[in-house]
Structure formats: structure tokens, C-alpha cells
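Number of protein chains: 2
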Amino acid sequence: MQRLDRQIRFVAEIGKLKGVLRQTVLGELGRRENSAEHSWHLAMMTAVLAEYAPSGTDLARVTRMVLLHDLVEIDAGDLFAYAGAREQERQELAERAAAERIFAILPADQGEELRTLWDEFTARRSADARFARALDRLQPMLENVAAGGGTWRSHGITADQVLAKVELIDDGSRALGRFARDLVSGAVAAGILAPAPSGAQDGQTPRR
Amino acid sequence: MQRLDRQIRFVAEIGKLKGVLRQTVLGELGRRENSAEHSWHLAMMTAVLAEYAPSGTDLARVTRMVLLHDLVEIDAGDLFAYAGAREQERQELAERAAAERIFAILPADQGEELRTLWDEFTARRSADARFARALDRLQPMLENVAAGGGTWRSHGITADQVLAKVELIDDGSRALGRFARDLVSGAVAAGILAPAPSGAQDGQTPRR
Numbered sequence: 001m002q003r004l005d006r007q008i009r010f011v012a013e014i015g016k017l018k019g020v021l022r023q024t025v026l027g028e029l030g031r032r033e034n035s036a037e038h039s040w041h042l043a044m045m046t047a048v049l050a051e052y053a054p055s056g057t058d059l060a061r062v063t064r065m066v067l068l069h070d071l072v073e074i075d076a077g078d079l080f081a082y083a084g085a086r087e088q089e090r091q092e093l094a095e096r097a098a099a100e101r102i103f104a105i106l107p108a109d110q111g112e113e114l115r116t117l118w119d120e121f122t123a124r125r126s127a128d129a130r131f132a133r134a135l136d137r138l139q140p141m142l143e144n145v146a147a148g149g150g151t152w153r154s155h156g157i158t159a160d161q162v163l164a165k166v167e168l169i170d171d172g173s174r175a176l177g178r179f180a181r182d183l184v185s186g187a188v189a190a191g192i193l194a195p196a197p198s199g200a201q202d203g204q205t206p207r208r
Numbered sequence: 001m002q003r004l005d006r007q008i009r010f011v012a013e014i015g016k017l018k019g020v021l022r023q024t025v026l027g028e029l030g031r032r033e034n035s036a037e038h039s040w041h042l043a044m045m046t047a048v049l050a051e052y053a054p055s056g057t058d059l060a061r062v063t064r065m066v067l068l069h070d071l072v073e074i075d076a077g078d079l080f081a082y083a084g085a086r087e088q089e090r091q092e093l094a095e096r097a098a099a100e101r102i103f104a105i106l107p108a109d110q111g112e113e114l115r116t117l118w119d120e121f122t123a124r125r126s127a128d129a130r131f132a133r134a135l136d137r138l139q140p141m142l143e144n145v146a147a148g149g150g151t152w153r154s155h156g157i158t159a160d161q162v163l164a165k166v167e168l169i170d171d172g173s174r175a176l177g178r179f180a181r182d183l184v185s186g187a188v189a190a191g192i193l194a195p196a197p198s199g200a201q202d203g204q205t206p207r208r
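Chains C and Z, in that order, give the protein sequences. 134 is the number that the working numbering gives to position 134 of the first sequence; each next residue is one higher, with no gaps. 141 is the number that the working numbering gives to position 141 of the second sequence; each next residue is one higher, with no gaps.
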């Protein structure tokens with residue numbers, strides 16, 4: 001197949017991401033978010049929040065990572081961030097198989113390049129990847145606040161569970177980590193996020 | 001207001017783009033495409049089709065242009081590419097007013113930077129902008145082919161009208177322009193795009 005034909009086939013294939021639904025509910029629209037528009041939102045956040053990335057971060061790489069990070073969901077579907085360990089393992093296997101199939105549609109050089117970016121994102125192997133992951137954690141928190149609780153409420157998530165996820169944000173950007181902690185306190189104060197059940201310690205049970 | 005607060009307010013505001021519907025119908029999903037997922041698709045196309053940009057093209061700028069090019073539709077809505085001249089003029093005014101409001105949410109330095117990119121895209125003022133515009137024209141053509149005719153059929157668009165738009169693709173990338181012409185011929189041959197009515201000359205009536 002011609003090089004351009006393979007690239008166009010890939011462009012057509014990835015359009016399916018518009019049909020992959022996330023748990024996040026968009027407050028104003030009253031419907032679930034799909035992974036393509038979520039990825040767009042992260043790319044815009046990369047541009048707007050660039051100054052909170054550690055110095056030396058390659059923002060063009062971060063942008064490409066967030067744009068492609070969910071492509072594997074075309075085959076594997078989206079998994080809720082608070083899913084259990086067994087489900088997370090199953091998801092990882094399904095995502096790796098999806099990466100094999102989807103990136104192979106491209107000419108080999110490009111497929112490898114994009115696959116490397118995805119591996120790096122998934123393994124949080126660089127400062128670029130950690131900043132990208134931080135944005136990926138922050139965006140649904142903003143949507144939940146905008147929706148008056150969103151998946152926190154509908155899934156009975158408590159502040160300690162959210163704060164455990166905030167550690168990933170800290171890891172990518174100290175400033176955004178601080179912002180996220182304030183967001184959690186504000187959400188508890190506003191009554192849209194349940195406080196930690198007595199006995200649980202804030203931020204002590206990170207899962208991934 | 002603190003700098004980060006303004007940036008987060010902007011991030012929340014632009015989420016509304018997920019609710020702006022385009023004319024394009026996504027064949028597999030049987031629903032209209034929204035402008036956020038369309039913008040994501042263009043950003044992925046920028047990465048995958050980069051080699052067809054004229055040498056010297058700044059792909060990071062192109063990526064940011066395509067990510068933000070439709071933000072003005074949050075206020076102005078989407079206008080069908082084949083709308084009449086009067087509607088296009090009205091749209092331009094509405095979009096400029098929207099740009100004033102939306103980019104002003106950001107801290108001034110960032111608002112100006114993004115506004116400049118949007119102006120450049122809109123006026124097709126640089127090779128970067130012309131490549132971005134080419135992708136913006138090509139993507140709905142691919143969706144129409146995938147949907148077996150899509151808006152070409154539902155709006156009674158003929159090949160000569162599509163070819164007039166292809167001139168914008170030529171202008172941004174010769175190789176993608178050639179590809180788009182082949183796509184049009186193929187669509188006519190496949191019976192999913194009506195041929196030019198007798199009397200019309202292919203590509204002779206570019207509107208914008």
C-alpha cells in the first residue's frame with residue numbers, strides 16, 4: 001500500500017475514538033464525554049498551562065502524547081480511574097494488544113514513533129510523560145467540579161481517594177498538584193465531594 | 001484574579017466546544033460531529049501528515065492553530081462550508097466578537113498569543129495557516145466518503161463545488177491537493193458525489 005494511503009487509513013481508523021465514552025459526564029451537556037474530545041481538551045490544557053511544566057519539558061511531545069494517549073481505547077474501551085486492581089491489569093493487556101494493531105496501520109517509521117510516545121506516557125517514563133499524565137488526571141476533576149460532583153457523586157468516591165490520585169499530578173507539576181489539592185478541599189467544603197470516611201488518611205492509598 | 005485562576009476559567013469555558021455541532025455526520029456513529037472532536041482529529045492529522053507540509057512549516061504552531069481554530073464557535077456556532085456569501089459575512093462578524101470575548105479570559109500575554117494564531121489561521125496569512133486550513137478542508141471530505149456521501153448528499157453538493165474548495169487544500173499542500181482531487185473523482189465514480197451539472201466548470205468558482 002502507498003505510504004499516504006496507510007496514513008489516511010490510520011486517520012479514518014482513529015475517528016472511532018469519537019465513539020468511546022468515558023465515565024465523565026459533561027455538566028452543561030448532560031451526556032458522557034468521549035475520549036476524542038477529552039484528548040482535545042488535554043491538548044489545549046498543554047498550551048494554556050505550559051508554564052507549570054518542569055523546565056526542559058518538550059511541550060510539542062506532551063501535546064502529541066495527550067492527543068494519542070487514548071487511541072488504544074478504540075479496542076480496549078475506557079476504564080474508570082477508580083477501578084479495582086484486577087480490572088486494571090486486564091485493561092493493560094487489552095491496551096497493549098490494541099497498540100499493536102492500531103499503530104501498525106501507519107508506515108513502520110511513524111507507527112514506531114507514535115508507539116514509543118504511548119509507551120512513554122503509559123510507563124510515566126519521562127518528565128514529558130509525567131506532565132501529560134498530570135493533565136489527564138486534572139481534567140476530569142475540573143469536569144466533576146463543574147458538574148456539581150459528577151462521577152465523584154455517582155460512584156461514591158471520597159476525598160481520600162481523589163487525593164491519592166492527586167499524587168500523580170504532583171509528580172508532573174508541583175503547582176498543578178497544589179491547585180488540585182485546593183480544588184479537593186473546595187469541593188468538600190462545597191458539599192460536592194464526600195470527605196474521607198473516618199479512619200482513612202488523606203493521600204495514603206495511591207493505586208496507580 | 002490570579003493568573004492560574006484565569007487559565008483554569010479559560011479551560012472550563014472552552015469545554016463548551018464539545019457542544020457545538022457541525023454539519024458533518026459521523027457515519028459509524030450516526031450522529032453529527034462536534035467541533036472539539038473535529039479539532040482533535042485535525043491535530044492528529046497534523047502529526048501524521050506532517051511530511052506533506054511545505055518545508056519550513058512549524059508543526060507545533062499548526063497544531064495549536066487547529067486545536068483553537070473553532071473556539072469562536074462557542075458563541076458564533078458552526079457555519080456550513082457551502083453557505084452563501086451573506087451568511088459568511090455575518091459569521092465573520094460573530095466570530096470576531098467571539099474571539100474578543102473568549103481570548104480575553106486568559107492572562108493578557110496568552111490571550112494575545114492565541115488570538116494572533118487565530119487571526120493568522122483565519123486570514124491564511126502564512127504557510128503554517130495554509131497547511132492548517134488544508135487539513136480543515138480535507139477532514140470533512142474523508143468523513144463524507146466514509147459516510148457514503150454524508151453532507152454532499154444531504155445538501156445536494158456537486159463535484160464542481162467540492163473541487164472549488166480543494167483549491168484551498170492545494171494552497172496548503174500540493175500532495176494533499178492531489179490526493180483530494182483523486183478522492184473527488186473516486187467519490188463521483190462510486191456514485192456518492194453527484195458530478196458537476198452540465199455547464200459548470202470544475203474548480204472555477206472558489207468562494208473563500
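These aren't lab readings, by the way, just hints derived from the structure by calculation. Every residue gets a Cβ at the ideal spot worked out from N, C-alpha and C, and that includes glycine. There may be inaccurate statements among the hints.
To spell it out: a stretch of chain Z is covered by chain C in this simulated footprint if at least three of its residues, at any positions, have a beta carbon under 8 Å from a beta carbon of chain C; those stretches are [unchecked claim]:
hint, region
1, 5-11
2, 18-31
3, 151-164
Here are the simulated SDA-like cross-link-like pairs (lysine to any residue), alpha carbons at most 20 Å apart as the crow flies [stated by the list, open to error]:
hint, chain 1, residue 1, chain 2, residue 2
4, Z, K16, Z, A76
5, C, K16, Z, A76
6, C, K16, Z, A147
To give an idea of the chain C side of the interface with chain Z (calculated C-beta under 7 Å), a few residues [to be verified]:
hint, residue
7, V11
8, A43
9, H155
Comparing the hints with the structure gives:
Counting residues of the region 5-11 of chain Z whose CB falls under 8 Å from any CB of chain C gives 4; the rule of at least 3 is met. Taking a C-beta to C-beta cut-off of 8 Å, the region 18-31 of chain Z contributes 5 residues in contact with chain C, enough for the three needed, and the coverage statement holds. Look at the region 151-164 of chain Z against chain C: 0 of its residues bring a Cβ nearer than 8 Å to a Cβ of that chain, fewer than three, so the hint is violated. Of the supplied pair hints, the one linking K16 (chain Z) and A76 (chain Z) holds, its CA atoms being roughly 12 Å apart against a limit of 20 Å.
Restraint check: the Cα-Cα separation between K16 (chain C) and A76 (chain Z) comes to about 27 Å, which exceeds 20 Å; the hinted pair is violated. About 13 Å separates the Cα atoms of K16 (chain C) and A147 (chain Z), which keeps this hinted pair within 20 Å; it holds. Of the supplied interface hints, the one on V11 (chain C) holds, with its beta-carbon coming within about 6 Å of a beta-carbon of chain Z, less than 7 Å. The interface hint given for A43 (chain C) holds, since its Cβ lies 5 Å from the closest Cβ of chain Z, which is under the 7 Å cut-off.
Taking 7 Å as the C-beta cut-off, the interface hint given for H155 (chain C) is violated, the closest approach to chain Z being about 21 Å.
The structure is inconsistent with the numbered hints 3, 5, 9, although it conforms to all the rest.
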